[in-house]
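Undergrad: Let the hints inform the model, and build the full structure from the sequences given.
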Amino acid sequence: MAVDVAVRAGRPGVPRVLLQLGRIVLMLVFSLPILFMIVSSLKPDTQIFSDLTSLRAFLPVGHISLDNYRGVFERVPAAQFLLNSVMVSVVTVAVGIVVNSLAAFALSRMRWRGRRIVLAAIIATLIVPFETLALPLVWWVNKLPWLELNGFSLVLSDGWLDTYRVQILPFIANAFSIYLFYQFFSSIPTELDEAARVDGASWFGIYRRVVMPLSGPAVATVAILTFLPAWNSYLWPLMVVQSEAKRPVMVGIQYFFQLNVAWGQIMAYSAMITVPVLVLFVAFQRAFVNSIASSGVKG
Amino acid sequence: MASPAVVLLVVFFVVPVALAFGLAFTNARLISRRPARVVGFDNFVQLFGDPVFWASLRNTLYFAAVVVPVQAGLALVLALLVNAKVRGRNFFRTVYFLPVVTSMVVVSLLWRFIYQPDGLLNHVIRAVSFGHWQGTDWLNNPDTAMPAIIVLSIWQAVGFHMIIWLSGLQTIPPELYEAAELDGTSTWQRFRFVTWPGLLATRTFILVTITIAALSLFTQISVMTQGGPLDRTTTMVFMAVRTGYEQQQTGYAAAVSLVFFVFVLLVSAVQRFVTREKD
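These protein sequence lines map, in sequence, to chains S and V.
Heads up: the first sequence runs through residues 1 to 299, numbered per my numbering.
Heads up: the second sequence runs through residues 1 to 279, numbered per my numbering.
There could be a bad hint or two in this list.
[Said to hold, decoys possible] Sample of chain V residues with no beta-carbon within 10 Å of chain S, all distances over it, derived:
| hint | residue |
| --- | --- |
| 1 | 25 |
| 2 | 49 |
| 3 | 51 |
| 4 | 52 |
| 5 | 54 |
| 6 | 62 |
| 7 | 66 |
| 8 | 72 |
| 9 | 82 |
| 10 | 92 |
| 11 | 130 |
| 12 | 133 |
| 13 | 147 |
| 14 | 183 |
[Claimed, not checked] Here chain S is said to cover these stretches of chain V; the calculated rule only asks that three of the stretch's residues, wherever they fall, bring their Cβ under 8 Å from a Cβ of chain S:
| hint | region |
| --- | --- |
| 15 | 55-61 |
| 16 | 138-145 |
| 17 | 260-272 |
Because the hints were derived from the structure by calculation, they are not lab data.
Cβ coordinates follow ideal geometry from the N, Cα and C atoms, glycine included.
TA: The structure is reproduced here in structure tokens:
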């Protein structure tokens with residue numbers, strides 16, 4: 001805005017041209033590496049290197065094919081990895097929306113003892129990065145029991161390593177999601193609750209029929225802000241998932257650095273796990289940007 | 001209705017934090033038949049005598065000390081550039097944001113290729129300097145490895161903070177700018193006395209979030225350098241993972257995590273104190 005004002009203040013066109021030039025240079029800086037990844041995924045390894053000497057590096061020219069993609073599927077169980085990541089992220093997001101919105105509802109709408117303390121405690125957890133508890137958590141989930149259905153009897157098994165649940169459950173309850181829902185619910189007038197109560201609605205009825213239907217933007221924000229880290233998760237599955245059957249996409253990348261490093265295939269795999277998210281982003285751009293922006297309105 | 005969330009937070013947050021405190025004073029191993037034994041301060045004595053720990057502390061601080069101001073500043077410049085009413089500003093915003101939705105793992109891989117001795121960057125350098133400068137093996141050169149990682153980290157995340165600055169800029173009433181313009185102020189004066197004070201809340205938020213993210217540096221190290229060359233890129237989180245997971249010394253790793261935890265709290269407290277004093 002300050003910049004805009006300067007331009008309108010009537011100085012000759014030079015600064016405006018320079019600023020626009022700056023925007024274009026920055027656009028290239030941010031987009032060329034991604035373009036390079038997509039274009040290179042279509043080229044044989046030898047050509048990726050020979051094209052580096054010219055602008056051909058960023059153009060889909062020469063020997064273009066989907067061979068690298070075919071190679072990826074031959075070399076690693078990429079379809080399994082994709083399925084695992086979709087499964088883990090979708091469940092984390094969906095269950096997270098329900099669990100966190102319920103908690104936020106109880107905190108913002110219901111009157112109970114200790115409510116404020118619980119809310120303050122939840123917000124205080126925000127400054128603790130996950131990395132500080134990751135290692136004790138590995139030890140802990142390795143000891144946790146789990147009920148398993150074995151034939152017709154329930155069997156107590158221990159150890160959560162190498163499962164879907166170990167990739168999902170620790171990330172369901174999310175202090176930031178609770179906080180975002182709490183903020184949003186506080187903006188919905190309580191007169192609506194009271195009207196529903198007069199009509200005989202229960203707390204759960206108010207949650208389901210009054211508050212949640214009005215909370216579309218908050219749901220979108222939480223969905224986006226929890227989907228990205230779930231899809232991109234790396235540190236945690238690196239430590240708790242060993243088998244290919246449960247491995248998510250980001251950890252799958254390790255395969256490409258064993259034996260011979262095939263950059264064309266690496267680019268193809270990277271493009272495969274990135275482009276769907278980029279397409280989603282461009283399609284839902286407004287929701288994305290609003291959700292990031294609302295995450296900052298914290299004061 | 002809050003109970004599912006509270007139970008999950010207790011099991012997966014409160015317990016691990018408590019465990020970090022407890023395990024740090026034991027010789028627990030990740031997989032062991034023998035029960036863990038209390039060893040007092042042994043882990044901490046070993047840790048403070050370990051040169052790798054001091055290197056990781058130094059590297060983590062170095063990374064944060066550069067990334068926090070540069071990324072916050074650059075994000076503000078981007079936000080000002082795309083907040084102006086110019087053609088295509090939505091397009092520019094979208095493009096600047098693209099790396100944010102690209103995972104750090106993919107970004108690290110991509111830049112690993114860019115930084116290779118025969119990679120993209122060195123070819124660009126050769127072309128621009130007409131062959132006078134050959135570049136270097138960025139990630140294997142102890143002097144350039146960390147700066148190289150700093151550049152890509154900022155490249156990946158700066159769009160996120162651009163959006164936060166933008167939402168802060170939009171809370172400043174346009175009337176303030178009009179009034180300032182009528183008073184015949186310069187662009188710099190308008191920035192200094194209207195924009196900057198208007199961004200107070202945003203500033204604190206950005207400072208805190210970048211700092212915590214920067215101190216937690218791990219993925220780039222794991223994908224690109226594995227802490228090398230010569231431990232010049234080992235960070236505290238990377239060290240914790242290497243000892244706790246790869247070497248399975250849970251007790252020792254808990255000590256590293258605990259020191260890291262205290263370190264993060266300390267930095268946040270200092271930051272809070274400094275920003276409070278100024279404002």
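Undergrad: Going through the numbered hints above, which ones does this structure break? Give me the numbers in ascending order.
TA: 9, 10, 15, 16
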